[in-house]
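Given chain A, work out where chain B should sit, using these hints.
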Amino acid sequence: MRNSFNFHDFDWILFGLVLLIAGIGILEIYSTTTLTPLAGQFQKQIYWLLLGCALTVIVSQLDYHLILAHIPWIYFLALLTLGAVLLAGPRLAGTHRWIQVGGFTLQVSELAKLVIILAVAAAFTRRRNRAFTWGELARLGLLAGVPGILVALEPDLGTALTFLPIVAAGAFMAGIRRRQVMVLGLIGILALPAAWYVLRPYQRERLEAFVHPKQNTQGSSYQVTQTKIAIGSGGLWGRGLGNGTQSQLGFIPVSHADAIFAAFSEERGFIGTLAVFVLYAILLLRLLEGARTAADQAGSFILIGFASVLFFQVAVNVGMMIGLFPITGIPLPLMSEGGSSMLFIFLGLGLVMSVKKQRFVN
Amino acid sequence: MQVRFPEDERFPSWKITFLEYFIAAAFVGLLVGYWRLQVGQHTQMLEQAEHNRIRELPIIAPRGRILDRQGRVLVDNFPSFTILLNRENASQLRDAHLEMISRALDLDPGDVEDMVKRSVKLPRYQPIVLKQAATLKDVAFIDAHRSELPEVDVIQSQQRFYPKHSVASAVLGYVGEVSQADLARPGANYRAGDLIGKFGIEREYNSILRGRDGMKRVVVNSRGQEVGTLGTVNALPGHDLRLTLDLDLQLTAEAALGDRPGAVVALDPRTGEVLAMVSHPTFDPNDFTHHIPVATWKQLTTDPMHPLMNKAIQAQLAPGSIFKIVTGTAALETGTITPDFKVLCDGKVTIYGHTYHDWTWWTLHGGHGTVDLHRGIVVSCDVYFYTLGKMLGIDKIDYFAERMGLGHRTGIDLPDEDSGLIPSPDWVRRVFHHPWWPGVTMSVAIGQGAVQATPLQIAYVIGGIASGGDFARPHLAFGRELENLGVDPPANSTVRFPLHQTTVRAVTDAMWGVVNEPGGTGASARCRGLNVAGKTGTAQVVSASLQEASHSAEYRNNAWFVGYSPSPNPGIVVAVLVMQGEHSSVAAPIAGDVIRAYYHEKGQTPNPDQLVSQVTGKAKPGAAPREP
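For the protein sequence lines, the chains are A and B, in the order given.
By this note's numbering, the letter at position 97 of the first sequence is numbered 97, and the numbering carries on one by one without gaps.
Throughout, this note's numbering is defined as the position within the second sequence, counted from one, plus 1000.
None of these hints come from the bench; they were simulated from the model.
The beta-carbon is built from N, C-alpha and C at its ideal position, and this holds for glycine as well.
One or more of the hints may lead you astray.
Stated by the list, open to error - Quick look at which bits of chain A chain B covers, simulated, 3 or more residues with Cβ under 8 Å:
1) 226-240
2) 269-277
Unchecked claim - So these bits of chain B aren't anywhere near chain A, every CB distance computed over 12 Å:
3) Gly1033
4) Met1391
5) Asp1413
To be verified - Covered, in the sense of this in silico footprint (three residues per stretch, anywhere, with C-beta under 8 Å from a C-beta of chain B), are these stretches of chain A:
6) 159-168
7) 200-206
8) 248-255
9) 313-327
Okay, chain A solo, but in the shape it has when bound (with noise of 0.2 Å):
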């Protein structure tokens, strides 16, 4: 048994949730690109499917324990590759987000989301539930905070973004008190303002967008429109695949990639979208489910910390189709196109089958 793939314990469901949701995306990334300069694009989805499946069966043979012992070495790892990446990446579309790995470009950002997840839990090793202190708390914010900082910088605002949700669980977990939520509330509002002029002005004009949509119908506030436009037309049955005005006359900007939602629910309606909204919730709790039966805090939190990322995506990118959010470049997992971000959710997956296979039994 040693030598050979022990599948004892795989969530072979929470696994077909997941092929299933992808496969869904690969379906309109291939209506949407078909008739553009990016047909075929649905192929290489497929391929990073593939390349995501086996790395979840060999990550999923990992004891966790092995690699929360060196997250030190990972975590520094990670922080020197996004600064290298910030500081000698290739420049595209205007920012440093990618690093050459053969003939592909990889996002570290995606990677690093998985790094800081299990450096939280980490954090969580033999911690037991006593009382959260404000170091444990400085700890915390530094955790992401760092790698944060340098990926706005890239600047890559969205990624960034989705490090917050892993935070909030972690604080969460550990017991965070009134008290330093009140402290970090206050001093989230003191930052407001000078988070305004950090910002870059493409994503002051998305804010602005999004505060004001009927004032500017330029730019941030058309997309939002048109996504809306697209959304709605599907009504309760869609249009049909390959029949999304909106997606096929490339009213949606990147409709295969952050928007392939918008293009989705055109072209399936509404029926379409609860069943993908059933799905991701039901990947989501089983999730949780598992987090209540791992072995330790760390393993718990695993599933926990790689949850509140989907989830925060998800809901963030759907979300934002319909205008309850700014716009910012989060793409939605599983779905939209692009291979980091498939890397990140099936090495997560993988770790995530490692947890649930010492998971605990009463």
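Frame of chain A, contents of chain B only:
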């Protein structure tokens, strides 16, 4: 491997439960948002999606051509491009865009902004015309900037073209962009930027020439590129319109008048068909088809000789001695005199205590001796007609002048015809608030004073008298052809005012004498082998004494001649006005040229194109402009 861990190693269960409810609640909230959009606002959103992808492009109906009576093309079209601005997506109409567009298309940014502002009230789906007759450079620019400027479209259109340039331009008129006033008119079926007839035939028969624009519904992508067609409503081209004008005769008349300011009208008095109509100086209608250059417009509007006026129907001037035919006819018809009534002319006559001079007084200091009606007309004796004027009285002169077509419009199918003026005691009382001075009757009797007539009226009146009292309404479009096009032709085709045979013979014989007898004032209109008759007129613009004192061109006499052939019952009557021509002898040969061309050279003009360039000074008539 199942290991037992202490309870303390695990997170409190309620925290995970809390997270689960939190997630479930969030999804329910998102679902409500999607429900409201996808089910609640489905109809509006679907409509907006359709608006996004469907664009309606007009298909401009080509305007009908205008032809001469033999079917030769006077006004044509050639294919060109029109650039449209779509206003459906207001966000795209940002100032920066408009400025970029206007700079690239050589338009005035202010004009474009105004145009957009003015069109605010029009339905948004109606595109507005940014530029007519776009150059290839403009089209290339639009094609190259499709993605940045999705609001701009290029469509095929037809550009109005006048191959003969200024030939007959006062009659044909010109087209221009529809005005704000036209757009505001109730029931007006125009878009901003549409071309409509602004002057002349182009305006009079705009509804026939214009046709109906079609429309193409196309699917466009987000960059404004057409990716498919949903449906097409074909354009209904405008109807061609054949005019009574004869290009050969028109060219002859234009050449005969030459550079002199004035007008020539040739009518067939039997039918009222206008065979030629010249007004000079004039304009090149090609200048108006798109934005007319400011300098050209300034020149046209400030020229003291009013190039934008059709002098054949709008120059209201004293007809001078030509009016003696009206006075003479009135005298005979009322039985006031017989043709052999004689008057001794010694160069002046004193009536009501005022001395009236004959025109010979100023040059010869003498008179015509004893003259009868015939001789009085041939030598244009003023004293004879002063005498008739006194005998007739103003009321009778007025009655005949009005019944024979003066003082009111002839009803020709051209816009803005002027009515001329026959002064009456009523009119004097109304305008000047004093009674009629009997002495003024003498001036009226010889066509001076306040008497005013247009060249068209002169041809109409003389043609009618020479035809025995049949006054055929002048017209440029054939009534039957209008009927075929579903347009009601004007009703009053011929006004009958029967004259006695003896009157007609006496007057026409006298007019024959004007041209053919020794001492006749119109000898220079004589044509070999043709029976030409006519009457001269030299109309003072100011009093003779002021004229003596000043040599300014404005005060020079207007020269008139009206000629016809054969006499009586002519087939053609030609009225000529040479403004500031000083003496009627400059006008008579012009009429002679036209009459000669009508009878001798019918359809035999050696090289019409050469004549066109001679008349217009344009190098290559008939060829469309090279660009685009």
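The hints, checked one at a time:
no. : hint    : result
1   : 226-240 : holds (count 10)
2   : 269-277 : holds (count 5)
3   : Gly1033 : violated, 5 Å
4   : Met1391 : holds, 85 Å
5   : Asp1413 : holds, 51 Å
6   : 159-168 : violated (count 0)
7   : 200-206 : violated (count 0)
8   : 248-255 : holds (count 3)
9   : 313-327 : holds (count 5)
In this structure, the hints that do not hold are numbers 3, 6, 7, in rising order.
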